[in-house]
Each structure stands twice: as structure tokens, then as C-alpha cells.
Amino acid sequence: MKRITYIGQWFSDWYSIFVNELRLIFSDSGALIIFFLAGLAYPVIYNLIYMNGTVDDMPIAVVDKASCAESREFTHKLDATREVRVAYRCTDMGEAEKLLQERKVNGIVMFPEDFGERLAAMEQAAVSTYADMSSFLYYKNLLMAANHVMLDQMHEIQTGRYASAGFTGQEISQMVHPIRYKENIPYNRAFSYGIFFLSAALMIVIQQTMFYGSSLLAGTMREENRSFAVMPDKLKGRGISRTVLGRGAAYWLIYMAIGAYIAALVPRIFGLPQNGRFGDIFILLVFYVSACVLFSFTFSTLIRRRETVFVLFLFMSPVCLFLTGFSWPTESFPMFWKLFSYIFPSTFAAQAFIDMNTAGADLPMVRDQIMALTIQIVVYYLLSCLAVYIENRMLRRRAYIAQS
Amino acid sequence: MKFWHNVYKVIARELRLMRQRPVYLLASVAVMAFCSVFFLTFLGDGIPQDLAIGIVDNDDSSVSREFIRQLDATQLGKTVRFGSYTQAREALQTGRINAFCVLPENMYDDLLSYRQPTVTFYVNSLYFVGGALAYKDVLTMVNLTSGAVQREFLRARGMDEASIMGQIQPIVIDSHQIGNTTTNYGVYLTNVLLPGVLEMIIILVTVYSLGAELKYGTSRHLLEKAGGSMLAAMAGKLIPYTLLFTFLGISCDLLLYHWMHFPMAGSVWNIFAVTFVYVLSCEAVAVFLIGTLPVLRDAISVSAIYSVLGFSLAGFTFPVEAMPPYVQGLAALFPLRHYYLFYVQEAYFASGFSGWYMQVVYMLLFMFLPFTVYRRLYRAYSLQNYPKK
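Chains as they are written, first to last, in numbering that gives the first Met the number 0: chain A, 0 to 403; chain B, 0 to 388.
Looking at chain A on its own, in the form it has when it is part of the complex (with noise of 0.2 Å):
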């Protein structure tokens, strides 16, 4: 009977405790800012930022010094690839470095005097290649665009050869060809730029709003001397689950929400891969907005007011951002970074996120990561009990020595 009594106590605790800050949620401007209008703005702002994904048709000047067939028919493809567009064709480098400071072009492609002749005595000709490196994108199209035509024109230029040197087609073809290659990019064929970025920054964006919002309330009670960490009197300094579970629930329940439009209407809306079940993805989002939850409210332990978050905090967006590894490959990170990663749950979450909806990997081929997540809830769970003890015994020891 007496069990019945506890579980019953504790239940109408936490409900009393949950609805209590979904009230103070929704009664404070500055956190709905956060929540709803960062939380739902900012996927569709970089979606709009990001929305053409790729550099096309990027302006280059040619610099043609040969002036021969096969440079003006290297030319002519180079023109014809996705990437590059040939904007100017220049009589000698100045003009072209000029126009390549002046940003009118983005990379210039020199045919040396000698590239004709060199090619009819059959020996190897350089075709020279300036990248402007302000965007990697610009050094990257470039270098793609002249390595396709280069291999193409050089598959010609054998088969040509071999032609004149009294050879069939099969037998060339053996020979420009002995080994055949089948490339696959799946999942981002066109190596779009949004699709890279995308696919972490939508769930750093749960996890920042959230500790934001969430640090913002907590720096408010503080300064209002009602501490996050204070319990209902009633309680008599017992029930910290209680406080940590109730209040986790209001935010829970608001970035389920939030979470499922991030992380499924987003992608819809933006025509972003999406390759993972639905219902995998809930999964994930389960395990990664609970992770956050305890991750904001055991770190919101040092705000100490209102507006510090953002102002001490905010750079960690970025960081986080990079910590995902999706731009900088995660085997590459240096051993203490990679190690400092693991304190984010974004970092398991976006990489889980990454597999499933753009790589079509399901819900057991990212159990690492939904493992670290696991461990992460645990770990912060306890932190935060900790963190709401602590700074209970240190309320109630002032509160003692101010009434003594």
C-alpha cells in the first residue's frame, strides 16, 4: 500500500513539476525566440543560403599560347563540362591573372607554345592549371573539369596513335582501355555543397537552440533567485529525479516537435535525400533529443544570467559544427579534439543522421552511435541530479544562514 502511495506521490510530483515549466516556457519571450523562431528559421534560411548546392559553369580564362587543334578542342570541352565555363580567352597570363585578381574569373588554364608540338612528336605535354583558392569549390571544379577532359583527350589522342600505327578497333580499344572503370558516387552525386552542410547543420540546430532556450530560463531563475534546481518544498530536499524528469519532460516534448520538422518536414520541403525510414529516424531523434536535454540542463549549471549564454557560449556553434566531421574527416581529427567531441551528443547525432537519411543506412548499422547516445543520457542524467543536489545544499545552507 505504502509503494502504491510512492509511485503515486512521485507521479503527480513530476506531472506538477513538467506542466510547471512548460508554463514558464511559454510564458517567456526570449526562450520562444530561441525555440521557435531560431529552431524553425534557421534550417529554412541556410536551405534557402544553400539551396543551388553546387558552383556551375564557374567563369575561367583560357590563355591559348599554342593555338593548335588539340588545344583549342580541349578548350571547346572544358566549356562543355558542368563545372567551368570558359568566360575569357586571354593573349598572355597578365591579362588573365588580371582578371582573375579582379574576380572576374575564377581560375585560369595555360597552353604553353609548345603543347601542339610537343603532342606530334609524341612526347608529354603539360597543359598548366591556375586554381583560385579564396573557395575550395573553385579549386575543386577546376581541378575536376581539367582532369575529365584531360583523361578524355588523352584516351583520343592514344587511339589516334595507335590508329595511324595500322591497329583495329577492338585491339585499341584493348590497349587506350585495359582496364575499364565504373564509377558510383551514390547519396550526393554532384558532391552539392548543401547536401554536406545541410545534413549536420539541421541537427546542431537542435542541439544549440535547446541548450540557448534552455540555459536562457535557467539564467533567468537564477537572477529571479528562484533556482532551476529548487524543488517544491513539499519535498523536503528528496525527489531530485523527480525535478530533473519533470522539467526534461516540458523541453522533451516541445523538441520532439521540433525535431520531427527538422529532421523530416525540412528535408521534404527542400527536396534533401531522404533515404532512411521514418520511423528510424524517430528512433534517433528519441535518443538524441533526451541526450540533449540533460547535456543543456547540466551545462546551463554555469549560467549564472540571463544573457552569458549567449555571450560566452555562442562560438561553441561552429565548433560543434566542425566536431561532426563533416567537413574535416573524423579519422583525421587530432586524438584531444576527437576525444572533446564526444562530449556533444550532436556529433553522434548527425553522423547517425548522416548514414540513415542521406546514406539509407538503417537503425542497426548506427548502434555505435545510438550506443554513445545512450551513454551520454546516462552520463548527463547524473550529472544534472548532481548539479540540482549541490546547488540545493548550497540554496538551502544561504537560505539558513540569512535567516539565522
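Hint data in this document are derived by calculation from the structure and do not stem from the laboratory. The C-beta atom is built at its ideal place from N, Cα and C for all residues, glycine as well. Among the hints, a few may not be true.
To be verified - Cross-link-like lysine-lysine pairs, in silico, DSS-like; alpha carbons within 25 Å at most:
hint : chain 1 : residue 1 : chain 2 : residue 2
1    : A       : Lys-76    : A       : Lys-64
2    : B       : Lys-8     : A       : Lys-337
3    : A       : Lys-64    : A       : Lys-103
4    : A       : Lys-97    : A       : Lys-181
5    : B       : Lys-77    : A       : Lys-76
6    : A       : Lys-97    : A       : Lys-64
7    : A       : Lys-181   : B       : Lys-135
8    : B       : Lys-1     : B       : Lys-77
9    : B       : Lys-77    : A       : Lys-181
10   : A       : Lys-103   : A       : Lys-76
What the hints assert, rightly or not - Non-contacting residues of chain A with respect to chain B, defined by C-beta distances greater than 10 Å in every case (computed):
hint : residue
11   : Tyr-14
12   : Glu-182
13   : Ile-184
14   : Ala-263
15   : Pro-333
16   : Thr-373
17   : Asn-391
18   : Gln-402
Given chain A, work out where chain B should sit, using these hints.
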């Protein structure tokens, strides 16, 4: 004379506030130090090495083993063997490998008898740098192997080595990278990311410092110290921060171009000078934000949203000209965009003043912003008629 005396009193008051509340120095000096250490060590290698590339070797012959050995020998690649296509595909899908090649059965026999075996490769293009580099590495290797087979054939026919090279690879690409000759990814990102972090710090700290006067109701005390002059109050409040941020910016420039020896075609003195203008333009944005929204918590939220967007809209990762037209115009609203364009001119092309003066003009245009909200902020300071909470 009286004016400067008032300014001096406000500066003294501000320095006392900075001593009393650690948030100002933590949010500027500590954040900048952390980010410098983070980006310089995180991207320290410059180019990733030993990217995992999977191999499914269905042939297991001397040719296939040679192919694997060659791929392993490249600086970029490190091969990982898989027993089957399914295992490799799963590793690709979960991002453990960046690409994988399937070497077909009977590859060796087919090669010997000119049956043109087909090597299939798969690239994970979801991880930016790893995917693109692994693609390049595998493509090069397949073509080199093709070339090696042709070389054997031509040797057997008695062709000399120089002509063989002319035949198996008639055209070579001699690629040059302007401004970043070593294709160092760290150089490329850090040079713009750190000024971006500085922009974020300047805007947040300045908004916080000006807004805190409103929030804690100390703005009248401030005006009193300034002898009732708003100009003296603003000058006194901003001078210490301008010095602090300029110090941070120039330290960062020194760190990058002097200590780390990042490529700098132009003059580092120009970088110092423009860093100062950049600091002023970021402060101008901050004053505008708090003047428009003289409620600290709203202003700080808007500042946060604005400064995070600055990174994307600077256009150094994804170029602005490839963004939709209505987004392109927005990019001009961020000092970081102009700093980036200036930096490219100076550090890559050494174009000097004539190449980048327009960017400095744009940055100076931001300086008009505070004047549009000057009266509004003064009224907020003296009347304290906005909600504090």
C-alpha cells in the same frame, strides 16, 4: 577639455566594470584564445592523410595486390580490406570508409588476355573533404594502373621510355594554386574563421556591455559620469573595447601570418590597418542592434542569430555568386564578407590599396549606422522606458 575629462571618467568606470565582472574578458580574450587553439590544431595537418579506402579484392592476384600496395603508398589513402561487397557497402554507408574499389574476379587473367576487366568504385560524397580527396585518389590510381599495363605492352614492342610516357600519358596537368600553394585546408578556413569569431565576439560583447546599462538600470549613472553628454558616454564606453578588440584582432593576424607563417602575398601592415577598420564596423553594427532594440535580451538574441549567419554569408565556403539572387544582397550586410574580400585581394593577389579600397569603403559605411539610432539610444539611457526583463 571638459569633454575629455568626462570621457576619461567613463573609461575608468568601464575598466572597473570589466574587472568586477569576468564575463567581458572571458567572452573576448578566452573565447578568442580557445578558438585560435581549436582551429589551428584541429585543422593543423592541412591535408588529411591516410583516408580509409576500402578494397574488395575478388581476384587476389599479383596485379590486384600491386594495385592495393600502390594505393596504400599514396599519402592520402590507407586501404582497408573487406571480404565482400556487402560489408564494404555497409562501411561506406556508415561513413567508416570514404570510398571502396571492387577488383573483379579473374582481373589478372583478363588483363593478360586483353579482356578489359572492369574495376568498380564507390565514393561516399557525404563527407566533404574526405569524399572529394578519396575520389581523386582512386581515380588517379585506376588510370595509373591502366597506364602501367600499356607501358608493359609498349615495352614489349621495343618502344623507348620517353616515347612510352608520351603515349601512355600524352597530356599532364601542371596545377598551381594561387594564394594557397600547398592546398592547405587549414590555411583556407582558419584565415576567415578566426576573423568571423572576432566579429561574433565584438557584436555580442558590445551589445552586452551597452545593454547591461539598461538591464541593470545603471544608464543614468553612466550619463551622470559623462557629465550628461551622450557622446562622452559612448566614447568612454567604446574606447576600452575598441582597444581590446583591436589588440585581439592584431594578435590573431600576428599569430596567423607571423607565427604560423600562413601565406601572405601582400603586406601584413595592410592587414593590421584593415583589421582596425573591421573592428570599428563590427562595433557599429553592435551599436545599431542595441539602439534599435534597447532591451538587452532581445538585442542579444538577434545579435546571436545575425553573427552565426555571418559565417555562411561571407561566402568563403560556398561562394556567394552561387547562392540565390535574393540571398546574395544580404551578404553585403556583414562586415565579415567585406573583410574576406579584402583578405583575398591582399593575401592572395597582393593587389594593395587599389585592389581592396572599395571593401574598406563598405566597412566604413557601417559607421553611419550608429548615428541613425543615436537619439533613440540616448532616450532609452536617460528615460529607461524599456522593459528590463
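List of violated hint numbers, smallest to largest: As far as the earlier hints go, 2, 4, 5, 8, 12, 13 and 15 are violated by this structure, in ascending order.
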